[in-house]
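Undergrad: Please construct the entire structure, taking both the sequences and the accompanying hints into account.
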Amino acid sequence: MSTHQPPMPQAPAAAPEWQAAPGGPYPGYNSPIPVVRTHLGHALASEWTKIRSVRSTMWTLGVFILLVVGIGLLAGFAVSGSGDLSGQSPLTLGFFGLLIGMMCIITLGVLTTASEYGTGMIRTTMTACPSRGRVLAAKSIVFFVIAFVVTLVTVSFVAMVHASMLKGHGASTPSGGEWLKATVGISLYIALLGLLSLLVGSIIRHSAGAITIMIGAVLAPLVIALFMNASSLEKVQKALLEYSIPSQMGVFYDNTLSSSGPTGWDPLWIILGVTAAAYAGAYALLQSRDV
Amino acid sequence: MIELAGLTKRYGEKVAVDHLTFAVSPGIVTGFLGPNGAGKSTTMRMILGLDHPTAGDVRIDGKHYDQLRDPMTYIGALLDANAVHGGRSAYNHLLCLAQSNGIPTRRVAEVLDTVGLTAVARKKAKGFSYGMGQRLGIAAALLGDPRILMFDEPVNGLDPEGIHWIRNLMKSLAAQGRTVFVSSHLMSEMALTADHLVVIGQGRLLADTSMADFIRENARSYVRIRSPQRERLLDVLHEDGVTVVEAGGDALEVAGGKAERIGELATRYGIVLHELSPQQASLEEAFMQLTAESVEYHAHAAPAPVPRDWGAGWKGA
Numbered sequence: 001m002s003t004h005q006p007p008m009p010q011a012p013a014a015a016p017e018w019q020a021a022p023g024g025p026y027p028g029y030n031s032p033i034p035v036v037r038t039h040l041g042h043a044l045a046s047e048w049t050k051i052r053s054v055r056s057t058m059w060t061l062g063v064f065i066l067l068v069v070g071i072g073l074l075a076g077f078a079v080s081g082s083g084d085l086s087g088q089s090p091l092t093l094g095f096f097g098l099l100i101g102m103m104c105i106i107t108l109g110v111l112t113t114a115s116e117y118g119t120g121m122i123r124t125t126m127t128a129c130p131s132r133g134r135v136l137a138a139k140s141i142v143f144f145v146i147a148f149v150v151t152l153v154t155v156s157f158v159a160m161v162h163a164s165m166l167k168g169h170g171a172s173t174p175s176g177g178e179w180l181k182a183t184v185g186i187s188l189y190i191a192l193l194g195l196l197s198l199l200v201g202s203i204i205r206h207s208a209g210a211i212t213i214m215i216g217a218v219l220a221p222l223v224i225a226l227f228m229n230a231s232s233l234e235k236v237q238k239a240l241l242e243y244s245i246p247s248q249m250g251v252f253y254d255n256t257l258s259s260s261g262p263t264g265w266d267p268l269w270i271i272l273g274v275t276a277a278a279y280a281g282a283y284a285l286l287q288s289r290d291v
Numbered sequence: 001m002i003e004l005a006g007l008t009k010r011y012g013e014k015v016a017v018d019h020l021t022f023a024v025s026p027g028i029v030t031g032f033l034g035p036n037g038a039g040k041s042t043t044m045r046m047i048l049g050l051d052h053p054t055a056g057d058v059r060i061d062g063k064h065y066d067q068l069r070d071p072m073t074y075i076g077a078l079l080d081a082n083a084v085h086g087g088r089s090a091y092n093h094l095l096c097l098a099q100s101n102g103i104p105t106r107r108v109a110e111v112l113d114t115v116g117l118t119a120v121a122r123k124k125a126k127g128f129s130y131g132m133g134q135r136l137g138i139a140a141a142l143l144g145d146p147r148i149l150m151f152d153e154p155v156n157g158l159d160p161e162g163i164h165w166i167r168n169l170m171k172s173l174a175a176q177g178r179t180v181f182v183s184s185h186l187m188s189e190m191a192l193t194a195d196h197l198v199v200i201g202q203g204r205l206l207a208d209t210s211m212a213d214f215i216r217e218n219a220r221s222y223v224r225i226r227s228p229q230r231e232r233l234l235d236v237l238h239e240d241g242v243t244v245v246e247a248g249g250d251a252l253e254v255a256g257g258k259a260e261r262i263g264e265l266a267t268r269y270g271i272v273l274h275e276l277s278p279q280q281a282s283l284e285e286a287f288m289q290l291t292a293e294s295v296e297y298h299a300h301a302a303p304a305p306v307p308r309d310w311g312a313g314w315k316g317a
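These protein sequences, in sequence, are chains S and D. The opening residue of the first sequence carries number 1 in full-length UniProt numbering; numbering runs sequentially from there. The opening residue of the second sequence carries number 1 in full-length UniProt numbering; numbering runs sequentially from there.
Possibly wrong hints are sitting among the right ones.
[What the hints assert, rightly or not] Simulated restraints on C-beta separations:
1) D:G116 to S:L180: 48 to 58 Å
2) D:N36 to S:F157: 51 to 61 Å
3) S:G264 to D:S129: 51 to 61 Å
4) D:T118 to S:R37: 22 to 32 Å
Hint data in this document are derived by calculation from the structure and do not stem from the laboratory. Bear in mind that the values here come from a model prediction, so they are computed numbers and not experimental data. Don't be surprised by glycine CBs; every beta carbon is placed ideally from N, CA and C.
TA: Here it is, written out as structure tokens:
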């Protein structure tokens with residue numbers, strides 16, 4: 001703004017250095033700020049600044065770590081004090097903290113998108129970056145990486161503590177595959193669950209509504225199944241139990257509520273499919289709706 | 001340069017913006033005027049690509065908004081001072097916007113200084129007063145040092161000092177050769193800042209004229225006269241070549257500032273005058289007349305009468 005220029009359109013010959021400037025044939029002010037062709041990297045930097053500069057991120061992740069570590073240690077102490085795992089893997093004890101802790105990841109996921117609608121920030125965001133697909137991609141990548149790294153570090157720490165704590169309490173020595181599933185596998189699952197929440201937040205555009213939907217999606221199948229005692233509904237009840245999110249999380253610890261249903265890495269492929277579908281839906285709605 | 005061509009936005013049956021065609025030129029402040037609900041904000045949202053037009057087209061320097069790769073260096077907009085996450089500091093709010101457009105980080109400190117928020121840069125935006133929020137919004141608009149600036153009702157809710165600051169800012173931005181497009185529902189405000197006027201009502205274009213022309217056409221001055229010797233006065237004025245218009249009641253009106261001449265004539269012919277007053281129709285009145293047909297939300301002094309056939313359709317059904 002330091003360059004004061006005459007008010008009316010200038011002759012192009014007067015300013016040869018402007019020729020690469022925006023506007024082409026359109027007269028007017030030309031900024032000394034270099035013009036940058038923006039790309040996804042710019043959007044990623046912006047979203048990283050956004051997510052680290054609000055307190056809700058620290059709160060949700062802090063409570064997540066506290067729950068996973070705290071409940072994990074309590075479970076470890078309880079077992080090492082009194083009992084005997086009778087040949088089970090010590091890693092299974094990590095499941096309980098994560099079962100409650102995932103609510104924090106769901107909340108953070110929803111807030112990443114929906115809070116922008118609540119505050120009106122989304123209009124500023126979309127004005128700064130008119131490519132709506134780029135905004136959604138940047139938010140998804142930044143959130144997914146944060147959720148995955150935080151979950152992986154926390155879960156791995158708890159798993160290592162459990163393994164050393166419970167040596168000689170009848171616990172089996174977990175294999176490499178078991179380690180992988182109980183750390184990287186479950187972290188990918190939780191991060192994808194969080195990403196699904198982020199997408200639901202983008203679709204619903206309302207924080208409380210989206211959080212309610214996600215918690216409902218986690219709990220409802222189990223609760224509904226409890227009331228399905230009629231024999232004609234036995235198959236539905238079984239499917240609800242086996243495919244409920246807590247039960248699928250248990251698969252990573254071989255700790256399922258039922259003997260059939262998804263096994264191995266199945267839950268990861270299921271949530272990947274669901275998240276991909278939600279991404280497509282969120283993207284299509286973002287493109288078609290007014291902000 | 002912002003160019004609108006037949007821009008239309010419909011929400012179901014309701015037409016918010018109806019075939020708007022006009023251009024906003026660089027180097028001047030263009031006022032965008034209309035009563036509440038006239039479609040000003042919707043138009044601005046379509047310019048920024050936030051709302052999809054139902055029909056028509058809007059281009060910024062020949063491009064659609066979503067074709068702009070670094071939109072903040074093209075066009076800076078203050079749409080809504082509340083479009084900020086309250087938990088984020090002013091500095092971080094501007095930083096994330098700068099990063100998304102590849103604007104150098106030093107610009108954040110520069111614009112904070114320009115709008116006078118340096119002292120509260122690290123404070124959360126939710127603690128800001130309305131005026132501070134407005135300044136933060138303007139800082140965001142200035143961040144990319146853009147060629148075009150768009151402000152939606154920038155003086156709303158500001159104190160006199162803030163209003164004065166914004167007026168001077170807009171004028172200086174236009175003087176640098178930038179396009180400045182500012183909406184308001186106050187004619188008096190526009191008369192002080194705008195060089196060109198675009199008036200809309202119920203989404204339709206009512207006027208697209210320079211401020212000078214608008215004032216020339218609408219700010220007429222006249223002399224109001226009342227006299228018990230009305231017929232005699234009319235004869236005298238007629239003989240002198242003064243055109244007289246009969247106004248309401250027993251008053252007469254003479255266009256232009258001829259109060260002295262009329263007073264002298266009346267004295268010479270011994271005519272008693274009860275009133276001889278120079279009058280000026282305000283721009284506000286001219287604006288209200290222009291938009292009277294299209295005001296969306298009328299306030300009624302008395303309760304609206306119930307139509308005589310009220311309930312007829314219900315009875316017939």
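Undergrad: Next, verify each hint and record whether it holds.
TA: Results of checking the hints against the structure:
Between G116 (chain D) and L180 (chain S), the C-beta spacing of about 56 Å keeps the proposed range 48 to 58 Å intact. At roughly 58 Å, the beta-carbon separation of N36 (chain D) and F157 (chain S) lies within the given 51 to 61 Å, and the hint holds. A beta carbon spacing of about 58 Å between G264 (chain S) and S129 (chain D) agrees with the range 51 to 61 Å that was offered as a hint. Roughly 31 Å separates the CB atoms of T118 (chain D) and R37 (chain S), a value that falls within the hinted 22 to 32 Å.
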